[in-house]
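Starting from the structure of chain A, add chain B where the hints point.
Listed in order, the protein sequences are those of chains A and B.
Heads up: the first sequence begins at 1 in my numbering, then just goes up one per residue.
Heads up: the second sequence begins at 1 in my numbering, then just goes up one per residue.
Treat the hints as calculated values from the structure; they're not laboratory data.
Here a beta-carbon is modelled for each residue, glycine too, at the ideal position from N, C-alpha and C.
Each hint should be verified, as a subset may be incorrect.
Claimed, not checked - Derived Cβ-Cβ restraints for the label pairs, each shown as a range:
1. Glu34(B) / Ile357(A): 32 to 40 Å
2. Phe179(B) / Leu397(A): 37 to 45 Å
3. Lys98(A) / Ile2(B): 56 to 64 Å
4. Leu9(B) / Tyr313(A): 28 to 36 Å
5. Asn222(A) / Tyr20(B): 50 to 58 Å
6. Leu9(B) / Met316(A): 29 to 37 Å
7. Leu397(A) / Leu37(B): 50 to 58 Å
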Amino acid sequence: MNIGYVVLVHVVWFLSTYFVIVFLLAIFSNKKILYESPKLKESNKLPKASIIVSAYNEEGTIANCIESLKKIDYPKELYEVIIINDGSKDKTANIVSKYQSKNIIFIDNEKNNGKAACLNQGIGKAKGEYIACMDADSIVPEDILKKTVPYFEDNKIGSVTVSVEVMQANNFLQRIIRLEYLLGLSLFLKIFSLFNCIHVTPGPFSIYRKKLLDNIGYFDTNNITEDLEIAYRIHKSGYKIANCMTTSVKTITPNNFKGLYRQRRRWYSGALLTLWQHKDILMKNKVGLFGYFIPYNYMLIASGLGLFIFSIYLTMSNTFKILSYYALTNYNFFSNWTFNFDVLGISLFVFFGISGILGMVLLVTSGLNASRNSPKKKPSLYLGYFMLFLLYQAFWLASFFIVLTKRKVRW
Amino acid sequence: MIAGIITILLFISIYSLNFYMNTQREEVVVDRMEQILDEYQEIQALSLMSDAFGKEMTCLSLESTLSHLDKTLWDTGLKIDQYREVTEQFITDPFYLNQKKKFNRNEVIYLSMLENMKEACNINQSVLLYFYKKKEECPDCDAQAFVLTDINKEIDDEIAIFSFDSNLELPSINALAVFYNISSFPCTVVEDHTYCGLHNKNDIENILCKYRDHSIC
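Next up, chain A with everything else stripped away, as it sits in the complex (with noise of 0.2 Å):
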């Protein structure tokens, strides 16, 4: 057996068992406070917020989205949206001047910017004390500002992360998404909160304090993935990203695996980029154990990466030698097989895969009992959210690839 399989396996094993296991601990530790979240002291005077929305051809849902906006429950004087129109090709500018009103301020612009330099142009135009850059694919609740403000009341608190939920779940790839969300943009961000280490301001929404922005310079418009190269900044900066449970945003997910390619392509591509931009934070204690726990992420990252290729290469080298052995026997395959199945002949490799399973079913099993709105714990869901982890392997390393050989990444 090749020593570097033998190494990664342990590698892969130790990194994410013990990933798996703060994980549990936290969530059983922490299990009655992941949905407390803080009031608005009643000395205290509701603050102005702004929202924004950047909108690129979304002519179908942007309707939506002002709506669940206009919907909010703050005082009407005390909150701002403004809409900016990227260049839009379709009827999204028709239709967001038509919601046009004194506290819903529309920014047309003709040239298609990208999404940061919008965001940039709604965060200068804003008048609120906390910013909230929202998608114009997805939709609030009445509660967002109301839940996420106070959180501001700490001074360290830079920026909040609301749960992210999945508007619409219409086929089974989709109902994976809805449990990935569920787990990854909602639960581990909370339990990344509790160490400080959330690493993304999730686009659908997440909510900013203007004095940081205006500390930090904004989004960077050169990044493919601003909300997550925003929140290295924030670290960088001493504060907090807070992750409210308690309130949600919904969004819209790709409905197949074309679309779900091009959504990773951009996330896993601007997720290394942004590492390479803020290297200079790795095994650094100045932004706390953000600065660990971005390396041990990544680590995890490649060499289950590096485990995968070589399990596939493996299997596929040995279904090949068993292949051409069964052809000097005319391929005879059934006719002499009997079947022996001796417990004894299970390896070491064998009990490090069912443990590292059994692991993730627990987690699956333990997230899905400490979320709300969770749906019903089936096995196909299991299972096809162990296949989508399979197949965001194959993302990670056409991720890779794009960025060794630099190649550009469009949205």
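What follows is chain B alone, placed relative to chain A:
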């Protein structure tokens, strides 16, 4: 900190389980080797009886015992190889190397006994000797073993296959290799005729049919 301790405890548990299974594997191999030795004693007893009471009385029992031993030997050989492979993924255990040596010596003894009894008891079994080396030195050896395993399953009662690991450097195997003029690996000897190189199922069946009438001919 607690998570780290739990992770290490889990790691130790998995290795302990593997250690326990390794012990069980070794016990299985030792049991099978003892079974082979018991069967040898039985054959020796029958041989002595044959001298004392005549061949007619013992040949039937001898043939049955030899046939059973042939199957035990083949299965044990496969089991040793399987366990050795599972173990060698993480450690190089000298146990399997020693057992493999013992096993090969037993095969030479069995082969000698079979050759002695074949004529006396008119045993109608083809004898096939298979000489191999480890993968690195013989890329085709695994493929040849696969073909022979397939044939053995098909005509188990009509054939006795002996596989000899030439990497073990046992004097008895070296002597056999010289006797049969083994020049390269894999090499198969059928009824005292040497065929070196990789042979597919059809080739081996044709060779077997050349010297004896089998059900596959």
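Against the structure, the hints:
1. Glu34(B) / Ile357(A): 32 to 40 Å: Taking Cβ atoms as reference, Glu34(B) and Ile357(A) lie about 38 Å apart, which means the hint holds.
2. Phe179(B) / Leu397(A): 37 to 45 Å: violated, 55 Å
3. Lys98(A) / Ile2(B): 56 to 64 Å: Roughly 57 Å apart at Cβ, these two residues keep to the hinted range, so it holds.
4. Leu9(B) / Tyr313(A): 28 to 36 Å: holds, 32 Å
5. Asn222(A) / Tyr20(B): 50 to 58 Å: holds, 57 Å
6. Leu9(B) / Met316(A): 29 to 37 Å: holds, 36 Å
7. Leu397(A) / Leu37(B): 50 to 58 Å: Since the Cβ atoms of Leu397(A) and Leu37(B) sit about 54 Å apart, the hinted range of 50 to 58 Å holds.
Going down the numbered hints, you'll see the structure goes against just number 2.
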